[in-house]
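> In case you want the letters, here they are:
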Amino acid sequence: MKRRDEVIVGVFVTLAVVIGIVGTLWLAHRGFSRSYPMYARFAWGSNLKVGQPVLLAGVQVGYVDKVALNPKGFLDVTLSVDKQWKIPEGTTALVQNEGFFGDKSIALKPCLRTTALPKPGAPAPLCYPSTFMPTGDTIPAGVPSPSVDQLIGRVDSMSTALSTVVQAVRLQMVQQGGIKDLRQTIASTNALVAQLNQVAADQSRGLTLTLNTLRRSVSALDSAAIDSTVHNMQAASANMNALTRNLQETSTHLNSVMAKVETGNGTVARLLDDPGVYNELRGSLARLDSLLADVKANPKRYINVKVF
Amino acid sequence: MSTTLRRDDRHRPTSSLPLPQRYAVYFFRGMARWGAGLFEEIGRRVYFLREIFRALGEPRTYLPLTVAQMRTIGVDSIPLVGIVAAFIGAVTAYQTTFQLFPGVQLSVVGWITRQSLVLELGPLLTALVLAGRVGARMTAEIGTMRVTEQIDALETLAYDPVAYLVVPRTISGLTMVPLLTIVAIATGIVFGGITVLLATKVRLADYTSGLRLTFIPFQIYYALIKATLFGTAIALICSYEGYVAETGAEGVGRSTARAVVISSVVILLLDALTALYLAPKLAA
Numbered sequence: 002m003k004r005r006d007e008v009i010v011g012v013f014v015t016l017a018v019v020i021g022i023v024g025t026l027w028l029a030h031r032g033f034s035r036s037y038p039m040y041a042r043f044a045w046g047s048n049l050k051v052g053q054p055v056l057l058a059g060v061q062v063g064y065v066d067k068v069a070l071n072p073k074g075f076l077d078v079t080l081s082v083d084k085q086w087k088i089p090e091g092t093t094a095l096v097q098n099e100g101f102f103g104d105k106s107i108a109l110k111p112c113l114r115t116t117a118l119p120k121p122g123a124p125a126p127l128c129y130p131s132t133f134m135p136t137g138d139t140i141p142a143g144v145p146s147p148s149v150d151q152l153i154g155r156v157d158s159m160s161t162a163l164s165t166v167v168q169a170v171r172l173q174m175v176q177q178g179g180i181k182d183l184r185q186t187i188a189s190t191n192a193l194v195a196q197l198n199q200v201a202a203d204q205s206r207g208l209t210l211t212l213n214t215l216r217r218s219v220s221a222l223d224s225a226a227i228d229s230t231v232h233n234m235q236a237a238s239a240n241m242n243a244l245t246r247n248l249q250e251t252s253t254h255l256n257s258v259m260a261k262v263e264t265g266n267g268t269v270a271r272l273l274d275d276p277g278v279y280n281e282l283r284g285s286l287a288r289l290d291s292l293l294a295d296v297k298a299n300p301k302r303y304i305n306v307k308v309f
Numbered sequence: 058m059s060t061t062l063r064r065d066d067r068h069r070p071t072s073s074l075p076l077p078q079r080y081a082v083y084f085f086r087g088m089a090r091w092g093a094g095l096f097e098e099i100g101r102r103v104y105f106l107r108e109i110f111r112a113l114g115e116p117r118t119y120l121p122l123t124v125a126q127m128r129t130i131g132v133d134s135i136p137l138v139g140i141v142a143a144f145i146g147a148v149t150a151y152q153t154t155f156q157l158f159p160g161v162q163l164s165v166v167g168w169i170t171r172q173s174l175v176l177e178l179g180p181l182l183t184a185l186v187l188a189g190r191v192g193a194r195m196t197a198e199i200g201t202m203r204v205t206e207q208i209d210a211l212e213t214l215a216y217d218p219v220a221y222l223v224v225p226r227t228i229s230g231l232t233m234v235p236l237l238t239i240v241a242i243a244t245g246i247v248f249g250g251i252t253v254l255l256a257t258k259v260r261l262a263d264y265t266s267g268l269r270l271t272f273i274p275f276q277i278y279y280a281l282i283k284a285t286l287f288g289t290a291i292a293l294i295c296s297y298e299g300y301v302a303e304t305g306a307e308g309v310g311r312s313t314a315r316a317v318v319i320s321s322v323v324i325l326l327l328d329a330l331t332a333l334y335l336a337p338k339l340a341a
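In order, the protein sequences belong to chains S and L. Residues in the first sequence are numbered from 2 upward in steps of one, following our numbering. Residues in the second sequence are numbered from 58 upward in steps of one, following our numbering.
Errors might be hidden in some of the hints.
Stated by the list, open to error - Below, a list of computed lysine-lysine pairs in the DSS-like style, where the Cα atoms sit at most 30 Å apart:
{"hint": "1", "chain 1": "S", "residue 1": "K50", "chain 2": "S", "residue 2": "K73"}
{"hint": "2", "chain 1": "L", "residue 1": "K258", "chain 2": "S", "residue 2": "K105"}
{"hint": "3", "chain 1": "S", "residue 1": "K50", "chain 2": "S", "residue 2": "K87"}
{"hint": "4", "chain 1": "L", "residue 1": "K338", "chain 2": "S", "residue 2": "K67"}
{"hint": "5", "chain 1": "S", "residue 1": "K84", "chain 2": "S", "residue 2": "K110"}
{"hint": "6", "chain 1": "S", "residue 1": "K105", "chain 2": "S", "residue 2": "K50"}
{"hint": "7", "chain 1": "S", "residue 1": "K50", "chain 2": "L", "residue 2": "K338"}
{"hint": "8", "chain 1": "L", "residue 1": "K258", "chain 2": "S", "residue 2": "K50"}
{"hint": "9", "chain 1": "S", "residue 1": "K73", "chain 2": "L", "residue 2": "K338"}
{"hint": "10", "chain 1": "S", "residue 1": "K84", "chain 2": "S", "residue 2": "K67"}
{"hint": "11", "chain 1": "S", "residue 1": "K87", "chain 2": "S", "residue 2": "K105"}
{"hint": "12", "chain 1": "S", "residue 1": "K87", "chain 2": "S", "residue 2": "K67"}
{"hint": "13", "chain 1": "S", "residue 1": "K105", "chain 2": "S", "residue 2": "K84"}
{"hint": "14", "chain 1": "S", "residue 1": "K105", "chain 2": "L", "residue 2": "K338"}
Worth flagging that the hints you see were computed from the coordinates, not collected in a lab. As the structure is a computational prediction, the values presented were derived from the model and not from experiment.
If we strip away everything but chain S, and leave its shape as in the complex, we get:
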């Protein structure tokens, strides 16, 4: 019985101690996930506590391991980063708000540098560094996100501007009779719309009458005469088609002739293209002229009329 008590007590004590140690290590993130330390230094880190998440591009890659205020007034923060993640070269760290109630996290943002200068007005492209920060390196602090006080300040300035606008509107609309003018404008617009409605109604009535007249005129037309006219027009159209076809054929033929002329084949083309013919023709005409002149001068030489 006594030995059984000892065994049971021993098992309980062992289990409780193991649960305590393992549970503490698990809660403290140590002992289960392999991690390596990185460091960051901030000028301001209110409400930053051990155990808060470390985010790289929004994904949790570790947690805050230690927060210490150094004698120079800076906050030295030790980050524990899971070994499966590496921090790209050029990454900056900043303390950012997590939710509305003062929760904080360490945001690691990849670099925005680029080897090529961005065009004016264009956003700087992300760089994709191939190197990573060594273990135990200090991640430089980035530009912090605006604090609640700054946001309140901006909201306050916006509120002031809005108040100025409201006062100006009130001045214009209330004190200087803007609302009265607006009401008069609305009343005038209503009257104009009523007049337009009246005009539209009158026009609609006139249009209806015109349509009725047109319907009557159309119904009065002789359908037989229209048919004969249409037949005549169809015949004329057919004749025109035939004429057009003939003209096209003639034109085609003429084109072929002209083509032959241009190519120099055929009698006409040779006549047209041969300068010898032209010259001979000019000589013949010259001789004909001289012959005619001689005939005129000496008709008897050539015309010898004998009666009997």
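Model the placement of chain L on the given structure of chain S, informed by the hints.
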């Protein structure tokens, strides 16, 4: 008119004094008796502590009995402590889930459950439960031995009754209560997680993330320090009340009730004192 008392005045009965003076005498006399009684009680307990420290020099007497007391105080209390912690963890997590308003991260459920169980509910409720279960039993056992003169018999047999009865219980109390507190905290956290997983929209990842948020190992040490103090207080107070139990069954019952009340109040006072001195060191 002379203000000097005459010799006869010092021997006048109080009842013969004028009414204001009579009640003033009654008041101061009562205060003096109460103060003397208080210091007497403190002195008796200091003597009792001295007896315990003296008895620590007799390990042959108390060590064999300590294991049995460890089983009675520690192992046999696991079911009760486990049930209490499971319900506390489950209810804390469940209620916290429905107290969140829009915009609050769901991991807060795990964070509040862990902080409640580790810093306060785990050690405190375990100690209060053990004050009822173990402390009352301790007082009744020793008190019964006192009224049946078994303690006198031990002295007659040259046994040190403090080394035989009190020291094993004290050692068991200060070692088992911290271990039971660890079990209670672990049980509460596990059942809190199961509850939020099954009954709410909180994901397990949110819950575990909250469990780890702003955790420092000193929070566990803080719980163990409190549990050690509570266990020691339960063992000492309940043993003493049994050791000085009055004659008869009624006396044992009265001692048992007083032991539970005093140990519960002392546990709450120690809880407040540890929070006062150690809570500033809990900030992550």
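> Confirm or reject each hint.
Verification of the supplied hints:
1. S:K50 x S:K73: holds (20 Å)
2. L:K258 x S:K105: Given pair L:K258, S:K105 holds - Cα atoms ~23 Å apart, limit 30 Å.
3. S:K50 x S:K87: Status holds; Cα separation ~23 Å.
4. L:K338 x S:K67: holds (15 Å)
5. S:K84 x S:K110: holds (18 Å)
6. S:K105 x S:K50: Answer holds: S:K105 to S:K50 is near 8 Å, not above 30 Å.
7. S:K50 x L:K338: With a Cα-Cα distance of about 13 Å, the restraint between S:K50 and L:K338 holds, given a limit of 30 Å.
8. L:K258 x S:K50: holds (27 Å)
9. S:K73 x L:K338: holds (23 Å)
10. S:K84 x S:K67: holds (18 Å)
11. S:K87 x S:K105: Within the cut-off at roughly 22 Å; holds.
12. S:K87 x S:K67: holds (20 Å)
13. S:K105 x S:K84: holds (23 Å)
14. S:K105 x L:K338: holds (20 Å)
Consistency note: the structure conflicts with none of the earlier hints.
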